[in-house]
Amino acid sequence: MPNYLCMQRSLPRGDAEKPSPAQMQEMYAKFGAWQAKFKDNLVDMGGKLGAGKLVTADDVPDGPFVEVKELVGGYMIVAAGTLDEAAEVARECPGLVSPGSGVEVIEIHTP
Amino acid sequence: MTAPKLVEHFFRHEYGKLVATLSRRVGVHEIEAIEDAAQSALMAALESWRVAGLPDNPSAWLFRVAHNGLMGGLRKRTGRQRILERSAVDIGTETPQGEADVALAGEMRDDLLRMLFVCCDDAIPVESQRVLALKTLCGFSVPEIAHRFFTSEANVYKRLTRARRRLRELSPNPGELDGELTGEQYACRVPAVHKILYLLFTEGYLSSHAELAIRRELCDEALRLAALLADHPVGRVPETSALLALMHLHAARMAARQDGAGGLLLLEEQDRDRWDAHQIQAGLEWLARSAEGDVLSRYHAEAGIAAEHCLAPSFEETRWEKVADYYAMLERVAPSPLHRLNRAVAVAEWRGPDAGLEVLEGFEPPTWLAGSHLWAAVLADLHRRCGNTRAAERYRGIALESAPTAAVEALLERRLCATPGAEASARR
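Same order as they appear, the protein sequences are chains A and B.
Heads up: the first sequence begins at 584 in my numbering, then just goes up one per residue.
Heads up: the second sequence begins at 14 in my numbering, then just goes up one per residue.
The shape of chain A in the complex, shown without the other chains:
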């Protein structure tokens, strides 16, 4: 099964309310259920992305990269038969696809 890179992107106009502690507990439980359901697909749970730097041949300041830093919240790698299957795994991940957040799913070609 090919691997897919899933990148969380914050979407504009996503003024989602802060979840309450009770809602967080619910999200935690749902996340556990999702992990159990797709345990064969979840290759690397990845993590949140922090500060970054664009390294190029030219001495370019990391101007445009700032936007990317703000847009990409985190990543993970899933294994799936097809792009649509990978997208389904990501779609069902609690909280990932919501009013303020979306996910970009990209196939990783291995030689």
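It is worth saying that the hints were derived from the structure and are not from the lab.
There may be inaccurate statements among the hints.
[To be verified] Anything over 10 Å on all C-beta distances counts as not near chain B; from chain A, calculated:
1) V638
2) D667
3) R674
4) E675
5) V680
6) S681
7) S684
8) E687
9) I689
[As the list claims (entries may be wrong)] Computed, partial: chain B to chain A, Cβ under 7 Å:
10) V20
11) F24
12) Y28
13) L59
14) R63
15) V64
16) G152
17) S154
18) E157
19) R202
Bear in mind the structure is a predicted one, so any value in this text is a computation, not a measurement.
Heads up, the beta-carbon is just placed ideally off N, CA and C, and yes, glycines get one too.
Please build the complex by placing chain B on the supplied structure of chain A, with the hints as guidance.
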């Protein structure tokens, strides 16, 4: 790997602990920054734990993250100097205090309990105290509180703002953290703490909320905090025991008060096998402890009534004379026309409907009671059983009209519909 399960209400209760402990550390006047830090720490936990798994000590993890976040934020805002002064006081050795208070304040190790006393400040209106306690100690959000109290979020927010304003005003005396209570203040606030816990409990118990789980949650929170209070010398008084007794004895009957469809059931319709024997046992133990000392509070009387109901093998075999006595006692220690009304009901079961009506004879109910479904329903029932059909019909109309919810209306309809004639024809 799969995220391990967390105990029920873990996030809510950790939120309460974080707010209480951070309030003691940096002073309750920073309540807003503290609540933000607690919220952010829980969010960070949610992000991190589901990927990396639970840390060895989740509470310590949360505290570290919340504390660092709070300190970082405060440092940014108020400048390094003031914070350094303050942390010397809070993280270092014991806070210097007046001699008499050292012993007690030193014993107030339980930050949650301390925070409960902070909430019960008589400069804060009771309604705001209640909202503040639910928000800071129980970790409910503003929408969740509004949902539980059948009120608007704006209203909850207004009450919360009022309470926070008072907390912000608490200015530190030299060498003392703001919001730190003296031993005397702790003792003075015990009745206010009882009242808040009682209100929280009855809000859950009597609420006409259709979801039993939601009502149960409020009762459980009240029980949790009351147990905390009883566990500490400052709260170890007969009233606390009586309060716990009445909470357990009411909680015992909670599930049986509803039918499968969420409708309310009358005491006489309830399946007594569904009453929770463990809760009854706990309630009776607290009731026995409440008799230590010569205090007789409203909580004692109410616990006594609840115990009579729990111990009665059936509705008919209830010792109504005891119940009527307790209501009379309740009227003496906490005068309320509602208690008179309840006594009339008990007396009617004990000595007949005429005797019940007699209790109410010459009694002018205040307008809030006269216009309520409770008053009208009791009178409708007593008159019906005395055969005063016209009076019964009139009160029945008022009762149905003023029923606050559909569930209550359905219950009244069922209870008050049975006219003597109908009963007779049903028997035939």
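Hints, one by one, checked against the model:
1. V638: holds (27 Å)
2. D667: Fine: 25 Å to the nearest Cβ keeps A/D667 off the interface.
3. R674: holds (17 Å)
4. E675: holds (14 Å)
5. V680: holds (16 Å)
6. S681: holds (14 Å)
7. S684: holds (13 Å)
8. E687: Answer for A/E687: holds, closest chain B Cβ roughly 19 Å.
9. I689: It holds; A/I689 is separated from chain B by about 20 Å at its closest Cβ, greater than 10 Å.
10. V20: Nearest chain A Cβ about 10 Å off; hint violated.
11. F24: Holds. Min distance 4 Å.
12. Y28: Holds - the Cβ of B/Y28 comes within 7 Å of chain A, reaching about 4 Å at its closest.
13. L59: holds (5 Å)
14. R63: Holds: closest Cβ of chain A sits about 5 Å from B/R63, inside 7 Å.
15. V64: Holds: closest Cβ of chain A sits about 4 Å from B/V64, inside 7 Å.
16. G152: holds (4 Å)
17. S154: holds (3 Å)
18. E157: OK, holds: B/E157 within 7 Å of chain A, min 6 Å.
19. R202: violated (26 Å)
This entry does not satisfy hints 10, 19, going by the numbered hints stated previously.
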